[in-house]
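Engineer: In order, the protein sequence lines correspond to chains A and B. Under the UniProt record's numbering, the residues of the first sequence are numbered 1 to 162, in order. Under the UniProt record's numbering, the residues of the second sequence are numbered 1 to 162, in order.
A couple of the hints might just be wrong.
The list treats identical chains as interchangeable, and a pair is accepted whether it falls inside one copy or across any two copies.
Pairs of lysine to any residue residues, derived as SDA-like cross-links and limited to a Cα-Cα distance of at most 25 Å, are as follows [to be verified]:
(1) K66 <-> N117
(2) K150 <-> R161
(3) K66 <-> Y111
(4) K150 <-> M138
(5) K66 <-> R91
(6) K150 <-> S76
(7) K66 <-> A128
(8) K66 <-> H147
(9) K150 <-> V55
(10) K150 <-> Q41
(11) K150 <-> R112
(12) K150 <-> Y111
(13) K66 <-> R146
(14) K150 <-> T72
Everything labelled a hint here was simulated from the structure, so no lab data went into it. These numbers were taken from a predicted model, which means no experiment stands behind them.
2 protein chains.
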Amino acid sequence: MLIREATAADWPAIWPFFHVIVAAGETYPYPRDLGEPAGRQMWMLPPPGRTVVAVDPDGTVLGSAKMNPNSTGGGSHIASASFMVDPRYARRGVGRALGEHVLAWARAEGYRGIQFNSVIETNTAAVALWQSLGFEIMTTIPEGFRHPAKGFVGFHIMYRRL
Amino acid sequence: MLIREATAADWPAIWPFFHVIVAAGETYPYPRDLGEPAGRQMWMLPPPGRTVVAVDPDGTVLGSAKMNPNSTGGGSHIASASFMVDPRYARRGVGRALGEHVLAWARAEGYRGIQFNSVIETNTAAVALWQSLGFEIMTTIPEGFRHPAKGFVGFHIMYRRL
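Looking at chain A on its own, in the form it has when it is part of the complex:
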């Protein structure tokens, strides 16, 4: 698996699984009916943000991550990131590889920490993955997320100092 900078030419390979994940509405607080142009604008970030893809040796896009300052001004030394792995390629370490890549990027860019603003508590695989990469659950906003099947559930704010 290789992780490389995403280009505009990668978006057609990202959109199908991005769309499936967003439309399911279970893991991200994005509008479930988010259209393709708005999705592209949200995911394919210009500097100081950055978007990467994880590809297998034949070039298949397995997943993608975007990373960016979490805030501006006096808050711009904290990064944030979001991750999407094609469900067809789950359980292959794609999310972990993307997470490790984001940690390396944030360190290299001089960020002092990474904050995840909204990790849905029912997304237990993601919570466990981020914990294994050194992120802590700083707090949980109770009933902060409306899950389409489970109703109101909490979301975690997770953080890792760099």
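Take the given structure of chain A and dock chain B to it, following the hints.
Structural biologist: Just chain B now, with coordinates in the frame of chain A:
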């Protein structure tokens, strides 16, 4: 003191104290050199957001608040808000009146909670005010904010269920 909807005609009265507060860089993670057009776009929110002003009986604008959903999709039932009080009219209860107004607005709009994403811990007057209005410090991101005089300080994520 009256709190009413802000209109485009109020912006010239908001900008001077908005600019002073943003340029000081002590209480909001906004770019300190934020220009007037970008400031206007950031502060004067279209629906579903909303911006109000607190005015005294002669019409002087004493402060302003903006309020908005904190997120989209499955997170759109949590509100957020930001507040600016003209330093010349501090200690008159303007912030409290704006805060109470935002609480009433959020309840009326059916939000289930209000989340403040970044209350700088050195802004003790604001922290105390929000606590007195029922907000809790959910967590503090250590060194999450670079204060121009005090260096790296924490910021609180505060929340109140409605």
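Engineer: None of the hints should be skipped; say for each whether it holds.
Structural biologist: Evaluated hints:
Proximity of K66 to N117 under the C-alpha cut-off of 25 Å is found in both arrangements, the shortest distances being 14 Å within a copy and 21 Å between copies. Taking the closest pair of Cα atoms, K150 and R161 come within 25 Å of each other only across two copies (20 Å); inside a single copy the shortest separation is 32 Å, beyond that limit. Taking the shortest alpha-carbon separations for K66 and Y111, only the intra-copy value of 15 Å comes in at or below 25 Å, while the best inter-copy value is 29 Å. For the identical chains of this complex, K150 and M138 are neighbours both inside a copy (23 Å) and across copies (24 Å), given an alpha-carbon limit of 25 Å.
For the homomeric pair K66 and R91, the shortest alpha-carbon distance inside one copy (20 Å) is at most 25 Å, but the shortest distance between copies (43 Å) is not. For a Cα distance limit of 25 Å, the shortest separation of K150 from S76 across copies, 16 Å, qualifies, whereas the shortest one inside one copy, 35 Å, does not. In this homomeric assembly, K66 and A128 come within 25 Å of each other (Cα to Cα) only inside a single copy, at 20 Å, whereas the closest approach across copies is 36 Å. Only within a single protomer do K66 and H147 lie at most 25 Å apart by alpha-carbon distance; the minimum there is 23 Å, versus 27 Å between protomers.
When the C-alpha separation of K150 and V55 is checked against a cutoff of 25 Å, the pair qualifies neither within a copy, at 33 Å, nor between copies, at 44 Å. Taking the shortest alpha-carbon separations for K150 and Q41, neither the intra-copy value of 29 Å nor the inter-copy value of 37 Å comes in at or below 25 Å. Taking CA atoms no more than 25 Å apart as the test, K150 paired with R112 passes between copies only; the shortest distance there is 17 Å, against 35 Å inside one copy. Taking CA atoms no more than 25 Å apart as the test, K150 paired with Y111 passes between copies only; the shortest distance there is 19 Å, against 36 Å inside one copy.
Proximity of K66 to R146 under the C-alpha cut-off of 25 Å is found in both arrangements, the shortest distances being 23 Å within a copy and 24 Å between copies. Within a single copy, K150 and T72 get their C-alpha atoms only as close as 34 Å, which misses the 25 Å cut-off; across copies the closest is 18 Å, which meets it.
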